[in-house]
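> So the chains spell out like this:
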Amino acid sequence: IQMTQSPSSLSASVGDRVTITCQASEDISNFLNWYQQKPGKAPKLLIHDASNLETGVPSRFSGGGSGTDFTFTISSLQPEDLATYYCQQYGNFPGGFTFGPGTKVDI
Amino acid sequence: QVQLVQSGAEVKKPGASVKVSCRASGYMFKNYGVTWVRQAPGQGLEWMGWISAHNGYTDYAQKVQGRVTMTTDTSTTTAFMELRSLRPDDTAVYFCARYRVSRSGSTSFDYWGQGTRVTVSS
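Taken in order, these protein sequences are the chains called D and E.
Under my numbering, think of the first position of the first sequence as 1, with each following residue one higher.
Under my numbering, think of the first position of the second sequence as 1001, with each following residue one higher.
A couple of the hints might just be wrong.
[Said to hold, decoys possible] Computed Cβ-Cβ distance ranges for the label pairs, DEER-style:
{"#": "1", "chain 1": "D", "residue 1": "Pro79", "chain 2": "E", "residue 2": "Thr1074", "range": "40 to 50 Å"}
{"#": "2", "chain 1": "D", "residue 1": "Arg60", "chain 2": "E", "residue 2": "Ser1017", "range": "14 to 24 Å"}
{"#": "3", "chain 1": "E", "residue 1": "Val1011", "chain 2": "D", "residue 2": "Lys41", "range": "33 to 43 Å"}
{"#": "4", "chain 1": "E", "residue 1": "Ser1025", "chain 2": "D", "residue 2": "Thr55", "range": "18 to 28 Å"}
{"#": "5", "chain 1": "E", "residue 1": "Gly1044", "chain 2": "D", "residue 2": "Ser75", "range": "34 to 44 Å"}
{"#": "6", "chain 1": "D", "residue 1": "Thr55", "chain 2": "E", "residue 2": "Gln1065", "range": "30 to 40 Å"}
{"#": "7", "chain 1": "E", "residue 1": "Arg1117", "chain 2": "D", "residue 2": "Ser11", "range": "27 to 37 Å"}
Keep in mind the hints are simulated off the structure, nothing from the lab.
We put the CB at the ideal spot given by N, CA and C, even for glycine.
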């Protein structure tokens, strides 16, 4: 299963609403996670199963979609949200936890 | 608190092997798996495989199948990833992460190690 993300990068202002899309090459139901990776750091799980916010993650982050088309939204961009965001599918177990190519978010 | 602490940076020559360790603490090790993800310089994330700490079941990505072996030592709550026949394009930061599966089958990588830089160069 191949994953695409758009845009590959974006620049936005503090307080802006930011939306990233992720598309799977075949139906993966809701088997999709979103990760945030800040520069020089390990990734961090933000959302699992397309729309479930991980415990402790700020509510300005949200996710949606099912099947092949998914969205990730930051409702009000904060300076600490500077990072690259990756979607990841796990729809073809075993053997596949494909990550999308990432979306770099600049403030 | 859950922590995954990885071994230090490695420099290897092409054709050699590398073994990276990932020591887990703060949770019941055998109730989860450990997955490995690598990131080449300036590139995205690439899943390599995972191992169940409960029964040793492994599942490897096709790209590294045959060159990678993942193991665990439950007595020390440590996971290991060995990659053989190293090539320059194996140069990357290698991350371990806790592999979480819920009762519903939801699967995610919820805690990550700090990463281990492996450089392959002659």
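> If a hint holds in the structure, say so; if it doesn't, say that too.
To see whether the hints hold, each was checked on the structure:
no.	hint	result
1	Pro79(D) - Thr1074(E): 40 to 50 Å	42 Å, holds
2	Arg60(D) - Ser1017(E): 14 to 24 Å	45 Å, violated
3	Val1011(E) - Lys41(D): 33 to 43 Å	22 Å, violated
4	Ser1025(E) - Thr55(D): 18 to 28 Å	19 Å, holds
5	Gly1044(E) - Ser75(D): 34 to 44 Å	25 Å, violated
6	Thr55(D) - Gln1065(E): 30 to 40 Å	34 Å, holds
7	Arg1117(E) - Ser11(D): 27 to 37 Å	29 Å, holds
In terms of the numbered hints stated before, the structure departs from hints 2, 3, 5, listed from lowest to highest.
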